[in-house]
Amino acid sequence: MSFTDALNHAGAKPAGKRPYFVEPQVERVLAITMAVAQELAVTRQRADTLERLLREKGLLSTGEIDAFTPDRAASAERQMWNQEYIARILRIVQQENEAAVLAEDVASGDVGDELASE
Amino acid sequence: MSQRPGSAAPSANDPSAAYDGPPDYRVIGRHAVFPETDHDEIERINFLAQMNRHLAARVVPGVKAAYENRVAPEFEAQNGRPLATRHEARKAMLEDPAFQTWSALRRMTMEQRQQAGRWTALRQNERLARIAADLTEGDERLSLDPTLAIPRYVSAVDHHCMPGSYHTEYFPGDITNGANYDHAGFVTTSGLLGKYSDGGGHAVVNWVRRNLPDFKPLKILEIGGTVGHSSLPLAQAFPDAELTIVDLGAPVLRYGLARAKSLGVENVRFVQASGETLSRFEDQSFDWIQTTMFLHELSTKALRNIFAETRRLLKPGGIVLHVEQPQYAPEMPLFEQAMRDWDAFYNNEPFWSRMHEMDLDAEMVAAGFTRDSLIHGGVFGVVDRELFPDAAEDGTEDYGRKAAWHVIGAVA
Numbered sequence: 013m014s015f016t017d018a019l020n021h022a023g024a025k026p027a028g029k030r031p032y033f034v035e036p037q038v039e040r041v042l043a044i045t046m047a048v049a050q051e052l053a054v055t056r057q058r059a060d061t062l063e064r065l066l067r068e069k070g071l072l073s074t075g076e077i078d079a080f081t082p083d084r085a086a087s088a089e090r091q092m093w094n095q096e097y098i099a100r101i102l103r104i105v106q107q108e109n110e111a112a113v114l115a116e117d118v119a120s121g122d123v124g125d126e127l128a129s130e
Numbered sequence: 004m005s006q007r008p009g010s011a012a013p014s015a016n017d018p019s020a021a022y023d024g025p026p027d028y029r030v031i032g033r034h035a036v037f038p039e040t041d042h043d044e045i046e047r048i049n050f051l052a053q054m055n056r057h058l059a060a061r062v063v064p065g066v067k068a069a070y071e072n073r074v075a076p077e078f079e080a081q082n083g084r085p086l087a088t089r090h091e092a093r094k095a096m097l098e099d100p101a102f103q104t105w106s107a108l109r110r111m112t113m114e115q116r117q118q119a120g121r122w123t124a125l126r127q128n129e130r131l132a133r134i135a136a137d138l139t140e141g142d143e144r145l146s147l148d149p150t151l152a153i154p155r156y157v158s159a160v161d162h163h164c165m166p167g168s169y170h171t172e173y174f175p176g177d178i179t180n181g182a183n184y185d186h187a188g189f190v191t192t193s194g195l196l197g198k199y200s201d202g203g204g205h206a207v208v209n210w211v212r213r214n215l216p217d218f219k220p221l222k223i224l225e226i227g228g229t230v231g232h233s234s235l236p237l238a239q240a241f242p243d244a245e246l247t248i249v250d251l252g253a254p255v256l257r258y259g260l261a262r263a264k265s266l267g268v269e270n271v272r273f274v275q276a277s278g279e280t281l282s283r284f285e286d287q288s289f290d291w292i293q294t295t296m297f298l299h300e301l302s303t304k305a306l307r308n309i310f311a312e313t314r315r316l317l318k319p320g321g322i323v324l325h326v327e328q329p330q331y332a333p334e335m336p337l338f339e340q341a342m343r344d345w346d347a348f349y350n351n352e353p354f355w356s357r358m359h360e361m362d363l364d365a366e367m368v369a370a371g372f373t374r375d376s377l378i379h380g381g382v383f384g385v386v387d388r389e390l391f392p393d394a395a396e397d398g399t400e401d402y403g404r405k406a407a408w409h410v411i412g413a414v415a
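As they're listed, the protein sequences go chains A and B. Mapped onto my numbering, the consecutive letters of the first sequence carry residue numbers 13 to 130. Mapped onto my numbering, the consecutive letters of the second sequence carry residue numbers 4 to 415.
Derived by calculation from the structure, the hints in this document are not laboratory data. Any given hint could turn out to be false.
To be verified - Now the stretches of chain B that chain A is said to cover, found in silico as 3 or more residues with beta-carbon under 8 Å: (1) 105 to 111; (2) 156 to 162; (3) 295 to 309.
Unchecked claim - Short derived list, chain B residues pointing at chain A, Cβ under 7 Å: (4) Q115; (5) Q118; (6) W122; (7) R130; (8) I134; (9) Y331; (10) A347; (11) N351; (12) R374.
Claimed, not checked - Mimicking DSSO-like on lysine-lysine, the simulated pairs with C-alpha atoms at most 27 Å apart in a straight line are: (13) B:K318 - B:K304; (14) B:K198 - B:K94; (15) B:K264 - B:K219; (16) B:K318 - B:K219; (17) B:K67 - B:K94; (18) B:K405 - B:K67; (19) B:K405 - B:K94; (20) B:K94 - A:K25; (21) B:K198 - B:K405; (22) B:K318 - A:K29; (23) B:K222 - B:K67; (24) A:K29 - B:K94; (25) B:K222 - A:K29; (26) B:K222 - B:K264; (27) B:K405 - A:K25.
For each residue, glycine too, the CB sits at the ideal point set by N, CA and C.
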């Protein structure tokens, strides 16, 4: 089975109409969020597995991760990663806030009409 | 919290001593056609089993409180009478945010389980099909019928949101849907069916040994046995018997025989047929006919046809046993009935609701069994208690999913 077919079949809709319990827009976002929560759990467990294997092999000692203090450069890199990450996730909040303070803004389709009438 | 028998008393502040929940999926029993699962696939299953556990243990109590404090009183205030039927109760709860949230999350967990399990099965289905073919090709204990029509009660909606159900094949010799059904069913019961998902079968065997100690069946039939989860314990308990498993789906039957042989269970045969028309078997062919968590996936007409076939196929003195979730008795609270009905409306189990309100005694009598020959009982899933949670000791109620069943049967 091809990769594309496997992707399609794995996520296939079962026969039968899907029930919605809240507003479909809300339920759609919740469904995506729960899938992301699942994948976060999987990633967290993978990191835990890695730590345990490293400890077993003597490459990491218990408490070493919790006691870890990044040096100044590493700290800056890590905190900037956090800032970038949050900014990516909350892009829509930034853009809605920018829009809220614009005196006027136009829709592309309207500009298209406007330019066509020039 | 259930304390495992024989284990030492927990020491103070040992986090593992307080653990009460599904085991790590890595304790699952494997066999030749069991799909390989990588680290992340296992953790996906662990997460989803914990989701179901969380919903049952920590969210359902909020749904119940909402029913008691908001839904039922508000209905009574608006209508001047209390809720009268489970359908009224369910429809009233549909307007309540606690039920909405629980329902949405429960549905999504099932959808995520199907996607997770199907991905694992699909990505290796050609390799698994080859293993199954090596184990079953030329073996007369696998009898398939490509002309068999799939009835509407199976084809119209995919039971428990399992795309393609038990019968869809993606290529000749395919076992994908058997592999998905087998390896990821752990999610739904949070491990309560045990290492080989066979806790239902062991429960039935224990029940028969306790209640019918002199029963020595030689011909056993399981109808709707899929991959043989609940069937193999019967064959193992009665090694002199020959067990026939019939099912509609070729992928589960191929997978089932390969699985059985790989687990060293040889006194079985897998036959593709409808339980409604078992004319291939002569009258009085079997000492024991079993169905386990099967009746709710039928229709009224099919159930009657199957009951009639069981009556025809049993030898005099033979027994039929059906294991199912409990019926909706008048003494069952409306809230519990409405919660148990959830699967009928929101998890693609269209016959669940009507089946659980049927008078099964009357149906058995209509099929030709005498009223004084009817059998009633109750069983819990039987598991390896060192590794798996025990349904009999588990106070959590996951309406319709718990490994605690009723038995209805008859002696021919």
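Evaluated hints:
1. 105 to 111: Holds: 5 residues of the stretch 105 to 111 of chain B have a Cβ under 8 Å from chain A.
2. 156 to 162: With 4 residues closer than 8 Å to chain A, the stretch 156 to 162 of chain B meets the three-residue bar; holds.
3. 295 to 309: With 0 residues close enough to chain A, the hint is violated.
4. Q115: Holds: closest Cβ of chain A sits about 6 Å from B:Q115, inside 7 Å.
5. Q118: holds (5 Å)
6. W122: holds (4 Å)
7. R130: Violated, about 11 Å.
8. I134: Because about 16 Å separates B:I134 from the closest Cβ in chain A, which is outside the 7 Å limit, the hint is violated.
9. Y331: violated (21 Å)
10. A347: violated (11 Å)
11. N351: holds (5 Å)
12. R374: violated (37 Å)
13. B:K318 - B:K304: holds (24 Å)
14. B:K198 - B:K94: Distance ~38 Å between B:K198 and B:K94 Cα, so the pair is violated.
15. B:K264 - B:K219: holds (23 Å)
16. B:K318 - B:K219: Holds - the C-alpha atoms of B:K219 and B:K318 are around 13 Å apart, at most 27 Å.
17. B:K67 - B:K94: Given that 27 Å is the threshold and the Cα spacing comes to 15 Å, the pair holds.
18. B:K405 - B:K67: With a Cα-Cα distance of about 17 Å, the restraint between B:K405 and B:K67 holds, given a limit of 27 Å.
19. B:K405 - B:K94: holds (24 Å)
20. B:K94 - A:K25: holds (25 Å)
21. B:K198 - B:K405: Given that 27 Å is the threshold and the Cα spacing comes to 16 Å, the pair holds.
22. B:K318 - A:K29: At roughly 43 Å apart (the allowed maximum being 27 Å), A:K29 and B:K318 break the hint.
23. B:K222 - B:K67: violated (46 Å)
24. A:K29 - B:K94: holds (18 Å)
25. B:K222 - A:K29: violated (41 Å)
26. B:K222 - B:K264: holds (19 Å)
27. B:K405 - A:K25: holds (26 Å)
Hints 3, 7, 8, 9, 10, 12, 14, 22, 23, 25 from the earlier list are contradicted by this structure; the remaining hints agree with it.
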